[in-house]
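Top line first, the protein sequences correspond to chains A and B. The first sequence begins at 1 in our numbering and counts up one residue at a time. The second sequence begins at 1 in our numbering and counts up one residue at a time.
Heads up, a few of these hints could be off.
[What the hints assert, rightly or not] The calculated EDC-like cross-link candidates involving lysine to aspartate or glutamate, where the alpha carbons are at most 20 Å apart (straight line), are:
1) A:K266 <-> B:E146
2) B:K267 <-> A:D253
3) B:K267 <-> A:D249
[What the hints assert, rightly or not] Chain A side only, calculated, beta carbon under 10 Å to chain B, not exhaustive:
4) E183
5) R187
6) L196
7) S200
8) N204
9) P211
10) V231
11) G240
12) N245
13) K266
[Stated by the list, open to error] Pulled from the structure, derived: some chain A residues nowhere near chain B, Cβ distances all over 12 Å:
14) K2
15) M23
16) E27
17) G29
18) M55
19) D72
20) K121
21) I169
22) G186
23) G201
24) N300
Simulated from the structure, these hints should not be mistaken for laboratory data. Computed from a prediction, not measured in an experiment: that's the story for all the values here. Glycine included, each C-beta is placed from N, C-alpha and C at the ideal position.
The chain contents come next:
2 protein chains.
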Amino acid sequence: MKIIVDGFGGDNAPLAVLEGCRMAADEYGVEIILTGDEKKLRACAEEHRISLAGMELVHTPSVIPVDAHPQDIMTEYADSSMAEAMRLLSAGKGDAVVCAGSTGAMVVSASLMVRRIKGVKRATLAPIIPSESGCYILMDAGANVECRPEMLLQFGVMGSAYMEKIMGIKQPRVAVVNIGAEETKGRELELGAHALFRQSGILNFTGNIEPRYIPRGDADVVITDGFTGNVVLKLTEGLGKMIGNALKDIFMDGFAGKIAGLLVLKKVKAFKKKMDYTEYGGAPLLGISKPVIKAHGSSNGNAFKNAIRQARDFAERDVIGQITDSLAKIKEQNTQTKAE
Amino acid sequence: MKIIVDGFGGDNAPLAVLEGCRMAADEYGVEIILTGDEKKLRACAEEHRISLAGMELVHTPSVIPVDAHPQDIMTEYADSSMAEAMRLLSAGKGDAVVCAGSTGAMVVSASLMVRRIKGVKRATLAPIIPSESGCYILMDAGANVECRPEMLLQFGVMGSAYMEKIMGIKQPRVAVVNIGAEETKGRELELGAHALFRQSGILNFTGNIEPRYIPRGDADVVITDGFTGNVVLKLTEGLGKMIGNALKDIFMDGFAGKIAGLLVLKKVKAFKKKMDYTEYGGAPLLGISKPVIKAHGSSNGNAFKNAIRQARDFAERDVIGQITDSLAKIKEQNTQTKAE
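Generate coordinates for the entire structure from the input sequences, incorporating the hints supplied.
Shown next as structure tokens:
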């Protein structure tokens, strides 16, 4: 198993990337191909005494900035560490890509260089978000602002395969975000998607999910358009931050607070860990014909290690094969329905 | 000042309503008109030794169930306590309505019986939600699933007037929910609304707000369509519940946890109170030509008291006058622009 890692993606590159690659190589026995400025990578490794054993370095002269226009990855930044990682994946030099760079540029370069799964209308970033009872995958989380019902069905197929194969959830519960539980609620998008999910019959579709029950974990695969999904993702992050500040205020201020903090330290830490989405690694880019994992921009070494583990599982467990099969089944159903 | 209160709205009616009315009459010196089954109201008051001094009872035989179709308020439940409250308001028998019943039925009965402000396209429920730095008003929170840019501008005008007059915020910051801060982000709705807000120039429009910064309190008036707004409202509630459960788990379980809980009890209580939106009273129904307050369905006596105070302020401080003036200004601008 060979994982291609963009050495210069994320806020803490290249040190955090090197640390993560080292840990992953040691713990999981995976081989690593690292893209980026070779001199800088070697200097950083030497300075921090990180062995490069088991890692192949592929030199690239540039790095795409996070605020660059995503399309620039194909022109101005065609020689960047991210573009090279995708090129290597496309050429079969490795089994999966891990990158903490710009999401937009990843979607563009993966779609154009690695290509989408046949029949997939749009590739999308699908973050795994912690819930009270575990975690759920959110699709679309922002890549496609406007969506059609058929796209939502494809998201359901892809998210379901991922949660089953990677997170080990049998028959993942797939639900569409809506403002009411009833089938008649929502916009044309939700009404249309509802009908398509019911028709297809190949997923464990549980109907609508009201946003109130998303954090409780009432669905494993949470389906919506990219605008609403981005609102869900960002609001969850914002409220998490707000709560974190409140806890800090409760436990860090004053003598009694600090004593109380010590008394419940373990539980607070466990809660924080449970809510820390870097524990799950990164977010898969679903719809691409080979495994691509987007690591969080602020990833530390441990988060990169987890993302590499996730990329290995993604490649090993043939998620893409299952997605391809399911899409073929849906296509067959549609052809039959039309023929009837 | 005379406040009309639906005696049978909400989960805890009529007892909580009677308690709230009693407290409000005593503390604020307001007169109360209470609608509902007179016998039941008197029996409940007697049983709980609640004096009805300063309260006028208006008998109505029925109550509209929360799950009834909203339109039924005009036919099957035309003799309900809610319908009568709106009728009394429309007839000028009181200055404002407080009701904890079905939101849908309130929007319908208020729109048809009390009528909308001239020029207002849609009335909407606008809840006040606590943030890290205070609170914000959310519009639309679910009444209008699909919205046009002009509706969003009207929401901004109405929410701004309310936050200024009732919450005492000078030049409230008005922002449109969007998936990015840049003007070019979003759907046609956001792009269109952005242009209209910039043009109008009568509000303190601060541009887009990313959902991440809503809980931090970066805007006082948070504008979006009813689908997205409902997602924001319900997800905030759901995450609040999740955090509440986590805090309970930390402090209620085990000896150390309980001791810790005692040590920080005051702070946890202060935090809970800050996050408790019933403290703000209820949500105004904005766009109606007279003040209507929707109290939370689970309101207790204290929440009803707060809602009555809010209704009094709503009537006293001429929010509706300011909304009417602002809408007239916008109309004038539009006429001028067309004439040029």
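- Please verify that hint: A:L196, Cβ, nearest Cβ of chain B, below 10 Å or not. violated (19 Å)
- Message: Given a cut of 10 Å on the nearest C-beta pair, is the interface hint for A:N204 held or broken against chain B?
- Response: Since chain B brings no Cβ nearer than about 22 Å to A:N204, farther than 10 Å, the hint is violated.
- Message: Quick check on the hint: A:G240 CB to chain B CB, less than 10 Å?
- Response: At 8 Å from the nearest chain B Cβ, A:G240 passes the 10 Å test, so the hint holds.
- Query: In terms of Cβ atoms, is chain B entirely out of 12 Å range of A:E27?
  - Reply: With a cut-off of 12 Å, A:E27 remains clear of chain B, as the shortest Cβ separation is near 30 Å.
- Query: Would you say A:M55 is clear of chain B, with no C-beta pair closer than or equal to 12 Å?
  - Reply: holds (35 Å)
- Using Cβ atoms only, decide whether A:R187 comes closer than 10 Å to chain B, and label the hint accordingly. Holds, because the Cβ-Cβ distance from A:R187 to chain B comes to roughly 6 Å (cut-off 10 Å).
- Would you assess whether A:G29, listed as outside the interface, keeps its beta-carbon beyond 12 Å of every beta-carbon in chain B? holds (37 Å)
- Verify the proposed pairing of B:K267 with A:D253, using a straight-line Cα cut of 20 Å. Cα-Cα ~10 Å, so holds.
- Item | Hint consistency between A:K266 and B:E146 [alpha-carbon to alpha-carbon, up to 20 Å] | Not satisfied, since the Cα-Cα distance of roughly 46 Å exceeds 20 Å.
- Message: Just to be careful: measuring from the Cβ of A:P211 to every Cβ in chain B, is the smallest value less than 10 Å?
- Response: holds (4 Å)
- Item | Restraint satisfaction for A:V231 [CB to CB of chain B, less than 10 Å] | Hint on A:V231: holds, closest Cβ of chain B at ~5 Å, below 10 Å.
- Assertion that A:D72 lies farther than 12 Å from chain B (Cβ): Holds: least Cβ distance 16 Å, greater than 12 Å.
Violation of the numbered hints given earlier is confined to hints 1, 4, 6, 7, 8 and 22; the remaining hints are satisfied by the structure.
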